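Peer 1: Chain order of the listed sequences is A and B.
Each residue of the first sequence is one higher than the last, beginning at 1 in the numbering used here.
Each residue of the second sequence is one higher than the last, beginning at 1001 in the numbering used here.
Some hints here could point you the wrong way.
Said to hold, decoys possible - Output of the computed footprint for chain A on chain B, the stretches with three or more beta carbons under 8 Å from beta carbons of chain A:
1. 1019-1028
2. 1054-1060
3. 1134-1140
4. 1169-1178
Unchecked claim - Ranges between beta-carbon positions, derived for each pair:
5. B:H1066 to A:V67: 37 to 43 Å
6. A:R51 to B:E1004: 20 to 26 Å
7. B:E1149 to A:E5: 18 to 24 Å
These aren't lab readings, by the way, just hints derived from the structure by calculation.
Bear in mind that the values here come from a model prediction, so they are computed numbers and not experimental data.
Backbone N, C-alpha and C fix where the C-beta goes; we use that ideal spot for every residue, glycine too.
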Amino acid sequence: MNENERIDLSALDPDRDPQHWQRVLAETMARVDGVLAQGEDPFATIAGWRRPLLIAAAAAIAVLVPVELALEVKEREAEQVQRLVSLATEWEHGEGPPSTAAFLRALAAGDRP
Amino acid sequence: MTEETDAELVAGVRHGRREAAGVLAERYLRASRAVALAILGDVASAEDTAQDAFVYAMEHIRECRHPERFGGWLLQIVRNRSRNHVRDSKAGRHESLHRQQLQSTFPAPDLVAARTQLRERLLAALAELPEDRRLVVLLNDLEGWTHREIAEQMELPAGTVRSHLHHARRVLRELLRGLNEVDR
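The following block holds chain A by itself, in its conformation from the complex (with noise of 0.2 Å):
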């Protein structure tokens, strides 16, 4: 005898009796409902926020970065602004014209990091 061919275990086949199987089934799911109805608990739901709350910092981030970077320059162009008007100011009202040094800290003013 050819020993590739199957071993004839229908009688082990709950098909047999497909009634009694079709309730095994049915009662499982039964069971699976009341698991599925008892919801998640607070601890699983927060670790199932864990991925999308990481998305969301990381894509604040990304935008959030380059903005503040972008507001930064633009306020020490202001400062620099600043410092040369008030400059000018004093030398109108006759403190003479500004020292070199006056000159070159003014201009230096948004350049500190």
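Place chain B on chain A using the hints.
Peer 2: Showing chain B alone in chain A's frame:
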């Protein structure tokens, strides 16, 4: 329509989808029963254990680290629960009682009893095999799983699956032939 993968079904169960759990039950409850039967040697206990294991798996679905390997994870739960059941119920004594019952009930008077007899005879023959061989022959010859599917789900090398199957079939044929001769 494309059949949903195990990973998709596990995700569905995690979102509370009953249909996803239903498909997983249709896909794996029979195999769970076969694995439990291989260890317990008793159909009713195997069905109870398979059912308990499946419900436990649904309850702890978030612990399934590799959803694409849900089947293997579930069958491992079935194996552990079946072994606990054997340990708790002192299976050795149960098995010897079971065999005495088999001998005392031959020959059976009607068709139902004849079917039961055949089933008990198969179980008695299977009981002579080591557990791994019982598992492989039940999954292959009863559940129709391929060598590859058994190897993947039971985490066994494919060569071991083939070897288990070959030896299991040879021993079962001899035992079943012997039982038939005794019966005449």
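Peer 1: For every hint, state whether the structure bears it out.
Peer 2: Comparing the hints with the structure gives:
no., hint, result
1, 1019-1028, "holds (count 4)"
2, 1054-1060, "holds (count 4)"
3, 1134-1140, "holds (count 3)"
4, 1169-1178, "holds (count 5)"
5, B:H1066 to A:V67: 37 to 43 Å, "holds, 41 Å"
6, A:R51 to B:E1004: 20 to 26 Å, "holds, 21 Å"
7, B:E1149 to A:E5: 18 to 24 Å, "holds, 19 Å"
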